[in-house]
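Peer 1: Construct the complete structure from the given sequences, taking the supplied hints into account.
Residue-level listing of the chains:
There are 2 protein chains.
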Amino acid sequence: MKEIKNRSDCPVSFSLDFLGDKWTLLILRDIIIHDKSTYNQFLYSAEKIATNILADRLAMLDKHGFLTKEISAEKRSSAVYRVTEKTVDLIPIIMELNLWGAKYNPSGDQGLVDELKTDKEGTIRKYQQKFRPSSH
Amino acid sequence: MKEIKNRSDCPVSFSLDFLGDKWTLLILRDIIIHDKSTYNQFLYSAEKIATNILADRLAMLDKHGFLTKEISAEKRSSAVYRVTEKTVDLIPIIMELNLWGAKYNPSGDQGLVDELKTDKEGTIRKYQQKFRPSSH
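Line order of the protein sequences matches chains A and B.
If you count by the working numbering, then the first sequence holds residues 1 to 136, one letter each, in order.
If you count by the working numbering, then the second sequence holds residues 1 to 136, one letter each, in order.
Treat the hints with caution; some may be incorrect.
Copies of the same chain are indistinguishable here, so a pair counts whether it falls within one copy or spans any two.
[Claimed, not checked] Straight-line C-alpha distance at most 20 Å; calculated EDC-like pairs for lysine to aspartate or glutamate:
| id | residue 1 | residue 2 |
| --- | --- | --- |
| 1 | Lys130 | Asp119 |
| 2 | Lys103 | Asp62 |
| 3 | Lys5 | Glu70 |
| 4 | Lys2 | Glu47 |
| 5 | Lys86 | Asp56 |
| 6 | Lys69 | Glu85 |
| 7 | Lys5 | Asp21 |
| 8 | Lys103 | Asp114 |
| 9 | Lys103 | Glu121 |
| 10 | Lys86 | Asp9 |
For the record, the hints were derived by calculation from the structure and aren't laboratory data.
Quantities reported herein were computed from a predicted structural model and do not represent experimental measurements.
Peer 2: Structural data, given as structure tokens:
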């Protein structure tokens with residue numbers, strides 16, 4: 001895993017120090033939107049992430065507190081990843097990426113777009129509440 | 001410049017096909033937030049982008065319609081880059097990256113945070129209107 005070096009004190013740059021690659025936010029999308037939680041589930045997503053990249057990004061996300069990892073006593077491969085508040089706070093970014101991508105790739109999946117266009121704040125809150133049991 | 005290959009029909013993935021790296025959104029940040037428009041201005045930003053990466057990303061952004069490039073008749077180095085609607089539509093993503101980065105790096109620059117927290121929609125609209133003269 002590459003060390004993360006903060007390039008400046010700009011908050012956009014700080015976010016991209018962690019999230020600026022083609023894969024990290026897709027793993028988090030899988031958890032947040034598609035309710036996935038294991039290595040194998042991430043591996044079999046449509047984008048076909050490579051095993052070394054997946055392992056690297058999961059290690060980074062664990063190390064920097066985006067995910068927690070519960071390892072089953074019997075089977076190492078069945079570790080379950082759960083998001084922390086740091087990732088729940090990324091949901092607005094993921095939803096904005098969804099809206100932009102749906103607009104500029106109109107032949108792609110438009111699944112969440114209607115909901116986001118009708119009530120963006122409410123949709124974001126709904127997804128955040130899935131991972132914030134205390135706020136129900 | 002690497003060819004951009006769309007990995008799936010997921011809109012989040014589509015967005016990251018273009019934007020998923022550490023530098024592309026920083027160049028667009030420079031134009032949108034810091035009113036920069038030339039190669040040299042981008043080059044001297046705090047993150048110290050390498051010349052080959054900057055040239056590569058500007059070519060990608062030009063090719064895929066995120067920026068237009070006006071080349072001065074006298075001096076090639078004085079090309080002026082301007083954002084298109086495709087980039088104006090990225091402003092919500094950049095602002096959400098700003099909010100997240102400011103929250104998780106509280107010792108960094110908090111410049112836009114108060115404004116975004118007070119009126120996120122209005123702040124986004126204000127920046128978008130800078131680049132949409134017709135909507136004034």
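Peer 1: Taking the hints in turn, state whether each one holds.
Peer 2: Hints versus structure:
In the homo-oligomer, the alpha carbons of Lys130 and Asp119 lie at most 20 Å apart inside one protomer (17 Å), although the nearest pairing across protomers, at 25 Å, exceeds that limit. Taking the closest pair of Cα atoms, Lys103 and Asp62 come within 20 Å of each other only across two copies (19 Å); inside a single copy the shortest separation is 32 Å, beyond that limit. For a Cα distance limit of 20 Å, the shortest separation of Lys5 from Glu70 qualifies neither inside one copy, at 27 Å, nor across copies, at 34 Å. In this assembly of identical chains, the alpha carbons of Lys2 and Glu47 lie at most 20 Å apart only when taken from different copies (18 Å versus 22 Å within one copy).
In the homo-oligomer, the alpha carbons of Lys86 and Asp56 lie at most 20 Å apart inside one protomer (19 Å), although the nearest pairing across protomers, at 32 Å, exceeds that limit. Taking identical chains as interchangeable, the C-alpha atoms of Lys69 and Glu85 lie at most 20 Å apart only when both belong to the same chain, with a minimum of 14 Å there against 41 Å between chains. Within a single copy, Lys5 and Asp21 get their C-alpha atoms as close as 14 Å, and across copies as close as 14 Å, so both meet the 20 Å cut-off. Taking the shortest alpha-carbon separations for Lys103 and Asp114, only the intra-copy value of 11 Å comes in at or below 20 Å, while the best inter-copy value is 29 Å.
Proximity of Lys103 to Glu121 under the C-alpha cut-off of 20 Å is found in both arrangements, the shortest distances being 18 Å within a copy and 19 Å between copies. In this assembly of identical chains, the alpha carbons of Lys86 and Asp9 lie at most 20 Å apart only when taken from the same copy (19 Å versus 27 Å across copies).
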